[in-house]
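From just these sequences and the hints, can you work out the full model?
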Amino acid sequence: MHNKASLALGVVVMLVSAWGVISAWGWPAKAALFPLVICVPLFFLAGAEVLWSLFGAAAHSASDFKLSDHLPQSVALRRTAVAVAWILGFFFGILLLGFLLAVPVFVLAYLRIQGKRGWVFSAVFTAVVWSCFFGLFDLLLHLPFPPGWIPSLFGVR
Amino acid sequence: MIESALAGLLLVLQWKALAFMGLGILLGFWVGLLPGLGGVTTLALMLPFIYAMKPHEAMAFLLGMHSVVATTGDITSVLFGIPGESTTAAIILDGHSMAKKGEAGRALGAALSSSLLGALVGAAALALAIPVVRPLVLAFGSPELFMLAIVGLAFIASLSGQGARGMVRGFIAGGLGLLLATVGQDPQAGVARFTFGTLYLWQGLDIVAVLVGLFAVPEILDLVVRGSSIAGDTRVGQVRKGVLEGVKDTFQHFGLAIRCSLIGTFIGITPGLGGPVAQWMAYGHAVQSARTPEERKGFGRGDVRGVIGPGAASNSKEGGSLIPTIAFGVPGSASMAVILGGFFLMGLVPGPDMLTKNLPITYSMVWTIVLANIITVIACLIFLNRLASLTNVPGELLVPVILVLIFIGAYTANNQYGDLVVMLLCGGIGWLMVVAGWPRAPFVLGLVLGKIAENYLYISVARYHASWLARPIVLVLFAIAVVVICYPIWQARRTRRRGHA
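Line by line, the protein sequences are chains A and B. Residue numbers for the first sequence, in this note's numbering: 1 to 157. Residue numbers for the second sequence, in this note's numbering: 1001 to 1501.
Check each hint, because a few of them may be wrong.
[Said to hold, decoys possible] Below are the SDA-like pairs computed for lysine to any residue, each with C-alpha atoms no more than 20 Å apart in a straight line:
id	chain 1	residue 1	chain 2	residue 2
1	A	K66	B	G1298
2	A	K30	B	P1293
3	A	K30	B	R1463
4	B	K1054	B	L1355
[To be verified] For each label pair, taking beta carbons as the anchor points, the in silico distance ranges come out as:
id	chain 1	residue 1	chain 2	residue 2	range
5	A	I22	B	Q1252	46 to 54 Å
6	B	L1475	A	A8	41 to 49 Å
7	B	Y1417	A	V124	27 to 35 Å
[What the hints assert, rightly or not] Examples of chain A residues lying across from chain B (beta carbon under 8 Å, computed):
id	residue
8	A8
9	W25
10	V103
11	F134
Calculated directly from the structure, the hints in this document are not laboratory data. In this text, all values refer to a predicted model and were calculated from it rather than measured experimentally. Here a beta-carbon is modelled for each residue, glycine too, at the ideal position from N, C-alpha and C.
So, in structure tokens, the structure goes:
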């Protein structure tokens, strides 16, 4: 997993830096210099990492936090996929419904489906979260939250 | 000067000024805790309210609010792994790791006490520097600022993993951050770089959206995977313990806390480097303080020095950044630019007047920073047990709340949906980096310093051609950068030699 992820990341960085060089090639020298100075060594460093991942031994991890490893890999991957689905679901919920509607819908759905909490607890918890969000960001600070695509279709502003 | 300092203290201790400072502290406390609210935005929102105040009351209100934001921002970073402010991200690496090990109380104790120490150092620097700051700030032109950015980038070497491959990964991460810093309209030729034809990317990537994605998303994914609370199986009582131990840790590593405070103050004094740089450079220095590779391995996994260093730097830079704002009207950061706006609203003109006629008001600012931080830290220490207990709240209750906060946090940076996309993409990159064992700190350093380095390099070349390379401060900073890069290599060699012997 460790080496595979490093290989994937190395390949992505190689592709990105190659694309950076190609893009910068057509720019005036002043605009292109800095991206080129970064992308060229980045391409070769990423290439070295790819070779290391393919043929070298496992490396020391960096001084950074580690993901939990007490669960079987298949379970961890499945749960990660579920979490990603919730995050993306919330994102598309915001686009479709706007923040003001997406927040309560998401919190309620998460507590009911993922948290397996009862209706009463979920409804009260959602109401508290939504009240804090609405009271602070909308009523108090007047932050502009667009209504989302679906309410916009019905003329809600 | 002593009379002015006393007069400044008396100004702050007037009941109205104290009340406004209390109100500012209360606002700053929540602004720092909530990732959705930036200190700069709130300062700007509060500007219209200062019209009716006297200058020292207005400054007590604004500075009281501003000087506690970083302190309470550290609390969110430690407890939830979400940067409460863009300037409090570095503390996540070790602070949140400690919280996950059930040491939230100790991490918060260390973060708060080091923050207070940093604030006091920053305020002392402000008080002492007022008469002598002019030559220091004027000595730093664009070449020196460029070299300072290079010194910051040199810390990538310390923040990378061990061995040649660890170093390569660190430099790739740093390079990736530098590359992302070039996104947007190029200031020299006006070319839109890597913008995919969208107007949104012309202004570059927003640091808040990037940091929230990079740090918070992997933490949330891990929290869902574990299916438990942040502190896991650690009992509630145990999580609350250790606050005093954290305070003791700060005093045990007093030298480190002072050095990191000075780094923060210096970054604050230097206009144009920005707040996040201070914490990351301090974190790099804290990692450098490890004497052996084994000790260094502990960083990122809950070493208290990784909390003390950034904690001290994030608050000391506030006093530092007030120095050029007061002395020259040159704001050292975005929040200082808003405070400068407050100066003008109050009829205060930065410059010689602030150091002569209005010296008591200047000193009242020093006292405000000191008092606001003492009050905040005492208030936090009282509620720390309850705050630390949040790490025992079941994950299924925390995850939706944290997700709402990080989406709002990313969105309110510019009120654009594009920031949500950036946050999600950076979340994916952050998760992949964690899985692959790549360091994220060099990535942030590259992103934060990339634009600064490019701009000052071009100005230096345009203004001085090649002669800027021979300026004395540039040479000194270059030597420091070389030492910073070579130190971890020399350290690794020394350890290997000792191992063979």
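Hint by hint, here is what the structure shows:
| no. | hint | verdict |
| --- | --- | --- |
| 1 | A:K66 x B:G1298 | 12 Å, holds |
| 2 | A:K30 x B:P1293 | 42 Å, violated |
| 3 | A:K30 x B:R1463 | 15 Å, holds |
| 4 | B:K1054 x B:L1355 | 19 Å, holds |
| 5 | A:I22 x B:Q1252: 46 to 54 Å | 53 Å, holds |
| 6 | B:L1475 x A:A8: 41 to 49 Å | 42 Å, holds |
| 7 | B:Y1417 x A:V124: 27 to 35 Å | 30 Å, holds |
| 8 | A8 | 7 Å, holds |
| 9 | W25 | 12 Å, violated |
| 10 | V103 | 6 Å, holds |
| 11 | F134 | 11 Å, violated |
Of the numbered hints given earlier, the model fails hints 2, 9 and 11; all others are met.
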